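*Asks:* Line by line, the protein sequences give chains G and S.
Quick note on the numbering used here: the first sequence kicks off at 1 and runs consecutively.
Quick note on the numbering used here: the second sequence kicks off at 116 and runs consecutively.
Please note: incorrect hints may appear among the correct ones.
Unchecked claim - Mimicking DSS-like on lysine-lysine, the simulated pairs with C-alpha atoms at most 27 Å apart in a straight line are: (1) S/K164 / G/K62; (2) G/K11 / G/K62; (3) G/K44 / S/K164; (4) G/K15 / G/K71.
Claimed, not checked - To spell it out: a stretch of chain S is covered by chain G in this simulated footprint if at least three of its residues, at any positions, have a beta carbon under 8 Å from a beta carbon of chain G; those stretches are: (5) 122-131; (6) 156-163.
Derived by calculation from the structure, the hints in this document are not laboratory data.
This structure is a prediction, so every number in the text was calculated from the model and none was measured.
Even glycine gets a Cβ: it sits at the ideal position worked out from N, Cα and C.
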Amino acid sequence: EAGVAQSPRYKIIEKRQSVAFWCNPISGHATLYWYQQILGQGPKLLIQFQNNGVVDDSQLPKDRFSAERLKGVDSTLKIQPAKLEDSAVYLCASSLRGGQADTQYFGPGTRLTVL
Amino acid sequence: GNSVTQMEGPVTLSEEAFLTINCTYTATGYPSLFWYVQYPGEGLQLLLKATKADDKGSNKGFEATYRKETTSFHLEKGSVQVSDSAVYFCALRDGTSYGKLTFGQGTILTVHP
């Protein structure tokens, strides 16, 4: 079974530029998550989708971050414009249904450096 | 809100030593508890989990017991190997239908031969 795929693996941009990350979850997984992991910290949830609807985006900086999940499968996370403090690893995860004991499977992440 | 506190690291051990990484949590209701591991250059992987009080999760020689009375989920291994060197994250998931994972800050473990 293929895991969660993410691209690109690395991205370097200058502040005020825009950037987009792509995620393909495990086939059949209804729930998709985007996390931000700043160096030395644990991952923090940015947004959670159930199929193609948003169920939690309370920690997403909506003035600069946006995300969509087309047709309930792939997802794209965008930052526009980027700030220095956005430098982090962006992790995508998916789970079968999103229940309390459901296991989340993580992709390899995209490491973003903002100069 | 929910929170997870892990023991401060990094932790450095010799091979075959006993490992404990402390984890305590604050949550409403009855959360599920998880340990994730991140090996160098790899993504987060689920190591073990427990979904109710007194449950013991175990995998690859690691164990953790869900202690509701002390709100703890400490990770233990009797004899560590060099290959266990990684970052370990404790996490919880609350009881709402689509509860998000709340992570601790991570503990870096280095095992020397």
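*Asks:* If a hint holds in the structure, say so; if it does not, say that too.
*Replies:* Against the structure, the hints:
no.	hint	verdict
1	S/K164 / G/K62	violated, 33 Å
2	G/K11 / G/K62	holds, 21 Å
3	G/K44 / S/K164	holds, 19 Å
4	G/K15 / G/K71	violated, 31 Å
5	122-131	violated (count 0)
6	156-163	holds (count 5)
Violated hints, listed in ascending order, are 1, 4, 5; each of the other numbered hints is respected by the structure.
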